[in-house]
Amino acid sequence: MGRDPASSAAHSSILLLLLPPAGPPKIFKILPVTEAESPVTPLISAMRFLLCVSVFLGVVGPTQALPFILTHLSTRKSSCKSIPGTMTLCHGVGYTEMRLPNLLGHDTMKEALQQAGSWVPLLSKQCHADTKKFLCSLFAPVCLSELDQAVYPCRSLCEAVRDGCTPVMSAFGFPWPDMFNCTQFPLGNELCVPPAGSEDKQQELKEEVPCSACRNRGDPDKDFLQNYCSSDFALKMNIRSVSTLEGDIMVVPEVKSRTVYKSKGWSDDELKKTLLWLPDGDNCLCQDIHEPGTTVLLLGHRADDRLVISWVRKWQKSEKETKRFSRTVRKMHC
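Once you know that position 21 of the sequence shown is 21 in full-length UniProt numbering, the rest is easy, because the numbers rise by one and skip nothing.
FYI, nobody ran anything at the bench for these hints, they're computed from the structure. What you are looking at is a predicted structure, and each value in this text was computed from that prediction instead of being measured. The C-beta atom is built at its ideal place from N, Cα and C for all residues, glycine as well. Some hints could be false.
Taking lysine-lysine and the PhoX-like style, the derived pairs with C-alpha atoms no more than 25 Å apart in a straight line are [as the list claims (entries may be wrong)]:
hint: 1; residue 1: K256; residue 2: K323
hint: 2; residue 1: K133; residue 2: K77
hint: 3; residue 1: K323; residue 2: K77
Distance ranges between label pairs, derived from CB positions [stated by the list, open to error]:
hint: 4; residue 1: C80; residue 2: S170; range: 17 to 25 Å
hint: 5; residue 1: N283; residue 2: S230; range: 23 to 31 Å
hint: 6; residue 1: N189; residue 2: L123; range: 28 to 36 Å
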(Lines of atoms letter the chains of each structure in order from A and count residues from 1; the text may use other names and numbers.)
(Lines give C-alpha, C1' and ligand atoms only; values in the text may rest on other atoms or scores of the structure.)
Protein backbone atom coordinates (compact mmCIF):
# COMPACT_ATOMS: atom_id res chain seq x y z
CA MET A 1 0.00 0.00 0.00
CA GLY A 2 1.23 3.53 -0.77
CA ARG A 3 1.80 6.03 2.02
CA ASP A 4 1.73 9.82 2.07
CA PRO A 5 5.40 10.98 2.21
CA ALA A 6 4.55 13.85 4.57
CA SER A 7 2.70 11.53 6.88
CA SER A 8 5.55 9.05 6.74
CA ALA A 9 8.11 11.72 7.59
CA ALA A 10 6.02 13.05 10.44
CA HIS A 11 5.52 9.67 12.06
CA SER A 12 8.63 7.70 11.07
CA SER A 13 9.92 5.64 13.96
CA ILE A 14 13.40 5.17 15.35
CA LEU A 15 14.72 1.73 16.22
CA LEU A 16 17.16 1.70 19.14
CA LEU A 17 19.44 -1.24 19.80
CA LEU A 18 20.55 -1.25 23.45
CA LEU A 19 23.08 -3.61 24.95
CA PRO A 20 22.25 -3.85 28.68
CA PRO A 21 24.87 -4.97 31.24
CA ALA A 22 23.30 -8.42 31.31
CA GLY A 23 20.92 -10.31 29.07
CA PRO A 24 20.15 -10.10 25.35
CA PRO A 25 20.05 -6.86 23.35
CA LYS A 26 16.83 -4.87 23.55
CA ILE A 27 15.22 -3.09 20.60
CA PHE A 28 12.70 -0.32 21.22
CA LYS A 29 10.68 1.73 18.76
CA ILE A 30 10.27 5.40 19.67
CA LEU A 31 7.84 7.56 17.69
CA PRO A 32 8.72 11.25 17.37
CA VAL A 33 6.07 13.77 18.37
CA THR A 34 5.21 16.59 15.98
CA GLU A 35 4.39 20.18 16.88
CA ALA A 36 0.74 19.55 16.12
CA GLU A 37 0.66 16.69 18.60
CA SER A 38 2.35 18.23 21.62
CA PRO A 39 3.18 21.66 23.10
CA VAL A 40 6.45 20.35 24.50
CA THR A 41 8.08 19.38 21.20
CA PRO A 42 11.37 21.16 22.09
CA LEU A 43 11.79 18.75 25.00
CA ILE A 44 11.43 15.53 22.99
CA SER A 45 15.18 15.02 22.53
CA ALA A 46 15.67 15.24 26.29
CA MET A 47 12.86 12.79 26.94
CA ARG A 48 14.26 10.29 24.45
CA PHE A 49 17.73 10.50 25.87
CA LEU A 50 16.52 9.94 29.42
CA LEU A 51 14.28 7.10 28.29
CA CYS A 52 17.16 5.34 26.57
CA VAL A 53 19.59 5.81 29.45
CA SER A 54 17.01 4.74 32.03
CA VAL A 55 16.00 1.62 30.11
CA PHE A 56 19.64 0.79 29.47
CA LEU A 57 20.42 0.95 33.18
CA GLY A 58 17.22 -0.79 34.19
CA VAL A 59 15.69 2.22 35.94
CA VAL A 60 12.45 2.57 33.95
CA GLY A 61 10.52 0.57 31.40
CA PRO A 62 10.43 1.46 27.69
CA THR A 63 6.88 2.85 27.89
CA GLN A 64 7.36 5.37 30.72
CA ALA A 65 7.12 9.02 29.76
CA LEU A 66 9.37 11.79 31.05
CA PRO A 67 7.58 15.16 30.67
CA PHE A 68 9.75 18.13 31.63
CA ILE A 69 8.76 21.78 31.24
CA LEU A 70 11.17 24.58 32.11
CA THR A 71 9.39 27.48 33.79
CA HIS A 72 10.21 30.75 35.52
CA LEU A 73 9.43 30.89 39.21
CA SER A 74 9.34 34.65 39.13
CA THR A 75 5.84 34.38 37.63
CA ARG A 76 4.58 31.75 40.06
CA LYS A 77 4.05 31.60 43.79
CA SER A 78 6.47 29.16 45.41
CA SER A 79 7.32 27.96 48.89
CA CYS A 80 10.23 26.37 50.75
CA LYS A 81 10.09 22.60 51.28
CA SER A 82 12.60 20.27 52.92
CA ILE A 83 14.46 18.12 50.40
CA PRO A 84 13.30 14.56 51.16
CA GLY A 85 15.86 11.85 51.79
CA THR A 86 14.27 9.88 48.96
CA MET A 87 15.45 12.42 46.38
CA THR A 88 18.58 10.44 45.50
CA LEU A 89 19.65 12.85 42.78
CA CYS A 90 20.18 15.67 45.28
CA HIS A 91 21.42 13.72 48.31
CA GLY A 92 24.25 15.73 49.91
CA VAL A 93 23.88 18.64 47.48
CA GLY A 94 24.84 21.17 50.20
CA TYR A 95 21.51 22.67 51.27
CA THR A 96 18.36 21.32 52.86
CA GLU A 97 15.42 23.32 51.46
CA MET A 98 14.13 23.60 47.90
CA ARG A 99 11.56 25.73 46.09
CA LEU A 100 8.35 24.15 44.88
CA PRO A 101 7.22 24.49 42.12
CA ASN A 102 10.76 23.95 40.91
CA LEU A 103 12.42 25.47 37.85
CA LEU A 104 11.11 22.64 35.68
CA GLY A 105 7.50 23.32 36.60
CA HIS A 106 6.93 20.37 38.94
CA ASP A 107 4.14 21.47 41.30
CA THR A 108 4.23 18.58 43.78
CA MET A 109 7.02 16.82 45.64
CA LYS A 110 5.80 13.51 44.24
CA GLU A 111 6.24 14.75 40.69
CA ALA A 112 9.65 16.29 41.44
CA LEU A 113 10.85 13.03 43.03
CA GLN A 114 9.67 10.93 40.10
CA GLN A 115 11.27 13.11 37.46
CA ALA A 116 14.50 13.73 39.40
CA GLY A 117 14.95 9.98 39.80
CA SER A 118 15.09 9.61 36.03
CA TRP A 119 18.32 11.64 35.93
CA VAL A 120 20.21 9.59 38.50
CA PRO A 121 21.72 7.35 35.77
CA LEU A 122 23.47 10.36 34.25
CA LEU A 123 25.32 10.92 37.54
CA SER A 124 26.73 7.41 37.32
CA LYS A 125 28.35 8.34 34.00
CA GLN A 126 30.49 10.93 35.84
CA CYS A 127 30.56 13.15 32.77
CA HIS A 128 31.21 16.27 34.90
CA ALA A 129 31.92 16.99 38.56
CA ASP A 130 29.10 19.57 38.72
CA THR A 131 26.37 17.44 37.13
CA LYS A 132 24.60 16.99 40.48
CA LYS A 133 24.84 20.70 41.32
CA PHE A 134 23.41 21.72 37.94
CA LEU A 135 20.55 19.21 37.89
CA CYS A 136 19.59 19.93 41.50
CA SER A 137 19.59 23.68 40.86
CA LEU A 138 16.66 22.95 38.53
CA PHE A 139 14.92 19.97 40.13
CA ALA A 140 15.44 21.17 43.72
CA PRO A 141 16.42 24.87 43.51
CA VAL A 142 17.84 26.22 46.76
CA CYS A 143 15.21 28.07 48.80
CA LEU A 144 16.11 30.89 51.16
CA SER A 145 13.18 32.37 53.06
CA GLU A 146 14.97 35.73 53.06
CA LEU A 147 14.90 35.85 49.25
CA ASP A 148 11.66 36.07 47.27
CA GLN A 149 13.12 35.09 43.92
CA ALA A 150 14.52 31.77 42.75
CA VAL A 151 18.28 31.28 42.45
CA TYR A 152 19.01 29.98 38.95
CA PRO A 153 22.14 28.10 37.84
CA CYS A 154 24.78 30.38 36.33
CA ARG A 155 25.23 30.13 32.60
CA SER A 156 28.85 29.09 33.17
CA LEU A 157 27.67 26.13 35.30
CA CYS A 158 25.28 25.03 32.57
CA GLU A 159 27.94 25.36 29.89
CA ALA A 160 30.51 23.40 31.89
CA VAL A 161 28.12 20.49 32.47
CA ARG A 162 26.87 20.66 28.88
CA ASP A 163 30.40 20.45 27.48
CA GLY A 164 31.24 17.54 29.77
CA CYS A 165 28.05 15.53 29.27
CA THR A 166 27.29 16.16 25.60
CA PRO A 167 29.69 13.37 24.49
CA VAL A 168 27.82 10.92 26.72
CA MET A 169 24.50 12.02 25.27
CA SER A 170 25.92 11.93 21.76
CA ALA A 171 26.84 8.30 22.30
CA PHE A 172 23.10 7.66 22.41
CA GLY A 173 22.52 9.89 19.40
CA PHE A 174 20.98 12.87 21.19
CA PRO A 175 22.01 16.53 21.49
CA TRP A 176 22.02 18.64 24.63
CA PRO A 177 18.30 19.08 25.49
CA ASP A 178 16.63 22.36 24.61
CA MET A 179 15.15 22.67 28.11
CA PHE A 180 18.76 23.08 29.33
CA ASN A 181 19.59 25.80 26.80
CA CYS A 182 22.35 27.63 28.65
CA THR A 183 21.53 31.05 27.16
CA GLN A 184 18.39 31.25 29.33
CA PHE A 185 20.45 31.25 32.53
CA PRO A 186 22.06 34.36 34.10
CA LEU A 187 25.64 35.43 33.62
CA GLY A 188 27.99 35.57 36.62
CA ASN A 189 27.16 39.22 37.35
CA GLU A 190 23.82 38.16 38.89
CA LEU A 191 23.04 36.04 41.93
CA CYS A 192 23.19 32.46 40.64
CA VAL A 193 24.67 29.01 41.37
CA PRO A 194 28.26 28.97 40.00
CA PRO A 195 30.40 26.01 38.92
CA ALA A 196 32.75 24.68 41.58
CA GLY A 197 35.69 25.05 39.22
CA SER A 198 35.24 28.82 38.91
CA GLU A 199 35.16 29.19 42.69
CA ASP A 200 38.39 27.22 43.02
CA LYS A 201 40.06 29.28 40.30
CA GLN A 202 39.00 32.56 41.92
CA GLN A 203 40.30 31.35 45.27
CA GLU A 204 43.69 30.59 43.73
CA LEU A 205 43.89 34.11 42.27
CA LYS A 206 43.09 35.88 45.51
CA GLU A 207 45.91 37.54 47.36
CA GLU A 208 46.47 36.10 50.82
CA VAL A 209 45.23 39.34 52.40
CA PRO A 210 42.33 39.34 54.87
CA CYS A 211 39.36 41.62 54.26
CA SER A 212 39.45 44.75 56.42
CA ALA A 213 36.37 43.63 58.38
CA CYS A 214 37.96 40.26 59.12
CA ARG A 215 41.39 41.25 60.44
CA ASN A 216 42.21 39.86 63.86
CA ARG A 217 42.97 42.73 66.22
CA GLY A 218 43.22 40.78 69.47
CA ASP A 219 40.49 39.74 71.90
CA PRO A 220 37.22 39.67 69.89
CA ASP A 221 35.02 40.51 72.92
CA LYS A 222 36.93 43.71 73.72
CA ASP A 223 37.26 44.65 70.06
CA PHE A 224 33.50 44.24 69.59
CA LEU A 225 32.70 46.43 72.60
CA GLN A 226 35.18 49.11 71.54
CA ASN A 227 33.56 49.41 68.10
CA TYR A 228 29.97 48.94 69.25
CA CYS A 229 28.99 52.59 69.72
CA SER A 230 30.42 53.70 66.39
CA SER A 231 28.44 51.04 64.50
CA ASP A 232 24.89 51.27 63.12
CA PHE A 233 24.09 47.65 63.93
CA ALA A 234 25.43 44.77 66.01
CA LEU A 235 24.47 41.08 65.84
CA LYS A 236 25.29 37.62 67.07
CA MET A 237 24.04 35.18 64.47
CA ASN A 238 24.38 31.86 62.70
CA ILE A 239 25.20 32.09 59.00
CA ARG A 240 22.54 30.53 56.81
CA SER A 241 24.11 31.09 53.40
CA VAL A 242 26.95 32.94 51.69
CA SER A 243 27.02 33.93 48.01
CA THR A 244 28.77 36.41 45.73
CA LEU A 245 27.36 39.12 43.48
CA GLU A 246 29.61 41.24 41.28
CA GLY A 247 32.57 40.65 43.58
CA ASP A 248 30.67 41.46 46.79
CA ILE A 249 29.78 38.80 49.37
CA MET A 250 26.18 38.52 50.51
CA VAL A 251 25.56 36.88 53.90
CA VAL A 252 22.10 35.68 54.95
CA PRO A 253 21.67 34.98 58.70
CA GLU A 254 19.41 32.46 60.38
CA VAL A 255 16.71 34.86 61.57
CA LYS A 256 15.30 32.65 64.34
CA SER A 257 18.65 32.19 66.10
CA ARG A 258 19.80 35.76 65.55
CA THR A 259 20.45 38.14 68.46
CA VAL A 260 20.10 41.81 67.49
CA TYR A 261 21.98 44.04 69.92
CA LYS A 262 21.60 47.16 67.84
CA SER A 263 19.69 47.93 64.61
CA LYS A 264 19.80 51.68 64.05
CA GLY A 265 17.47 52.73 61.23
CA TRP A 266 16.51 49.21 60.17
CA SER A 267 13.17 48.83 58.39
CA ASP A 268 10.68 46.10 59.24
CA ASP A 269 11.63 44.29 56.02
CA GLU A 270 15.31 44.36 56.97
CA LEU A 271 14.51 42.89 60.36
CA LYS A 272 12.48 40.11 58.73
CA LYS A 273 14.73 39.46 55.75
CA THR A 274 18.23 40.56 56.62
CA LEU A 275 20.85 40.70 53.87
CA LEU A 276 24.38 41.67 54.91
CA TRP A 277 27.12 42.68 52.49
CA LEU A 278 30.92 42.57 52.48
CA PRO A 279 31.97 44.87 49.60
CA ASP A 280 34.68 43.43 47.35
CA GLY A 281 34.72 40.44 49.71
CA ASP A 282 35.33 38.00 46.87
CA ASN A 283 38.78 39.52 46.32
CA CYS A 284 40.10 39.11 49.87
CA LEU A 285 39.99 36.46 52.60
CA CYS A 286 37.38 36.21 55.34
CA GLN A 287 37.38 32.65 56.66
CA ASP A 288 34.95 33.43 59.49
CA ILE A 289 31.95 33.90 57.18
CA HIS A 290 32.52 31.31 54.46
CA GLU A 291 30.91 28.32 56.21
CA PRO A 292 27.10 28.12 56.63
CA GLY A 293 26.22 27.26 60.22
CA THR A 294 29.10 29.29 61.69
CA THR A 295 28.20 31.54 64.65
CA VAL A 296 29.67 35.04 64.43
CA LEU A 297 29.67 38.42 66.16
CA LEU A 298 29.14 41.16 63.62
CA LEU A 299 29.16 44.96 63.43
CA GLY A 300 28.30 47.18 60.51
CA HIS A 301 26.88 50.36 59.05
CA ARG A 302 24.43 51.41 56.38
CA ALA A 303 25.83 52.49 53.00
CA ASP A 304 23.78 53.10 49.83
CA ASP A 305 20.74 51.22 51.16
CA ARG A 306 22.87 48.21 52.06
CA LEU A 307 23.76 46.79 55.46
CA VAL A 308 27.53 46.63 55.18
CA ILE A 309 29.71 44.46 57.44
CA SER A 310 32.57 46.42 59.02
CA TRP A 311 33.70 43.90 61.68
CA VAL A 312 33.12 40.15 62.03
CA ARG A 313 34.58 37.37 64.20
CA LYS A 314 33.72 33.73 64.74
CA TRP A 315 32.01 33.13 68.12
CA GLN A 316 32.97 29.89 69.89
CA LYS A 317 31.99 30.58 73.51
CA SER A 318 29.79 28.45 75.76
CA GLU A 319 26.12 29.27 76.39
CA LYS A 320 26.99 30.61 79.84
CA GLU A 321 29.70 32.88 78.44
CA THR A 322 27.34 34.02 75.68
CA LYS A 323 24.68 35.08 78.19
CA ARG A 324 27.26 36.98 80.23
CA PHE A 325 28.56 38.74 77.11
CA SER A 326 25.01 39.64 75.98
CA ARG A 327 24.28 41.23 79.35
CA THR A 328 27.45 43.31 79.06
CA VAL A 329 26.49 44.51 75.57
CA ARG A 330 22.95 45.46 76.58
CA LYS A 331 24.28 47.57 79.48
CA MET A 332 26.33 49.75 77.15
CA HIS A 333 25.21 53.37 76.74
CA CYS A 334 26.34 55.15 73.61
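Tested hints:
This hinted pair checks out: K256 and K323 have alpha carbons roughly 17 Å apart, not beyond 25 Å. Distance restraint check for K133 and K77: the Cα-Cα separation of roughly 24 Å lies within the 25 Å cut-off, and the hinted pair is therefore satisfied. Between K323 and K77 the CA atoms are separated by roughly 40 Å; this puts the pair beyond 25 Å, and the hint is violated. In this structure the supplied range 17 to 25 Å is violated for C80 paired with S170, their Cβ-Cβ distance being about 37 Å.
Distance hint for N283 and S230: a CB-CB separation of about 25 Å, consistent with the stated range 23 to 31 Å. The supplied range of 28 to 36 Å is met by N189 and L123, whose beta-carbon atoms lie about 30 Å from each other.
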